[in-house]
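Chemist: Using the working numbering, the letters of the sequence shown correspond one by one to residues 1 to 244.
It is worth saying that the hints were derived from the structure and are not from the lab.
Don't take each hint at face value.
Claimed, not checked - Computed Cβ-Cβ distance ranges for the label pairs, DEER-style: (1) G38 - R205: 47 to 55 angstroms; (2) A24 - R71: 33 to 41 angstroms; (3) R74 - I4: 26 to 34 angstroms; (4) L120 - V201: 34 to 42 angstroms; (5) G119 - A198: 37 to 45 angstroms.
From a predicted model like this one, the values you see are computed outputs, not experimental measurements.
We treat Cβ as the ideally placed atom computed from N, Cα and C, and that holds for glycine.
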Amino acid sequence: MDVITLLLAQGVDSGPVAAQHALAAVGAGLLALAARSGAPARVSARASASASGPAAGPAAGPAAGPEGASRAVRLAAFAGSSAFVPYIAMKLFWASGGTFAGLSGADLRAAAERNGASGLWLTLDSWGLDPTALLALLGVLLLWGLVRPWGQVFPGWTPGLAGRSVPRWLPLAPAVLGAATLAPYGVVGLGWTLLATAGVVEVPRGDFPTPADTLLVARIGLGAFALYGVALAVAARSYWRRTA
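Use the sequences and the hints to build the structure in full.
Modeler: Set out below in structure tokens:
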């Protein structure tokens, strides 16, 4: 959330807490690198092909192009993308002035102003473009970049970059960060909605007229985060192995 608020020209809730989050992320990255360095060395398919290419001569044939993910991984990406459809539709409906779950777009805009939303956030919202819906669309783009060949070589619709290899860290860094945060948040949150539906825990009303409205929106949002986060983890693992 600190990253999202900063991207939208909005200040973090607490500077010391944000610094703690940043240090924790750096520590997790260093631990991952340490674990990676202790793993058995593996020769990548690309390295093997380049090493055997000159010796193989003309019979070796052309080098293989980027490899896409398996059908199972693509299905996971489809499920993760589909989970965001109700979430994006709900947010854009609110941004366009509609009323859903007892709240109108004007109510949400007033709440955003009270909570200190940035000028960029409010400007996009006034244009009918909810910032979180736009971020969800970027997340879907990232997900499919991890499973399709164009996620390894820049496609023709990227001016100045078409045909160049995509650095591994470029999609993997946000994918690992997103999977590590969204998947647990969404899965645990869905468990909370089940307990709330069964009446085991109390549902806070928040800005919504009734607890039932709060629960409805929570199911849509947390369901999207859970399925997308798991799909992102699956796709990131596939991309990591295919580009090693």
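Chemist: Look at each hint and say if it fits the structure.
Modeler: Hint by hint, here is what the structure shows:
1. G38 - R205: 47 to 55 angstroms: Given about 50 angstroms between the Cβ atoms, the range holds.
2. A24 - R71: 33 to 41 angstroms: holds, 36 angstroms
3. R74 - I4: 26 to 34 angstroms: Since the Cβ atoms of R74 and I4 sit about 27 angstroms apart, the hinted range of 26 to 34 angstroms holds.
4. L120 - V201: 34 to 42 angstroms: holds, 35 angstroms
5. G119 - A198: 37 to 45 angstroms: holds, 42 angstroms
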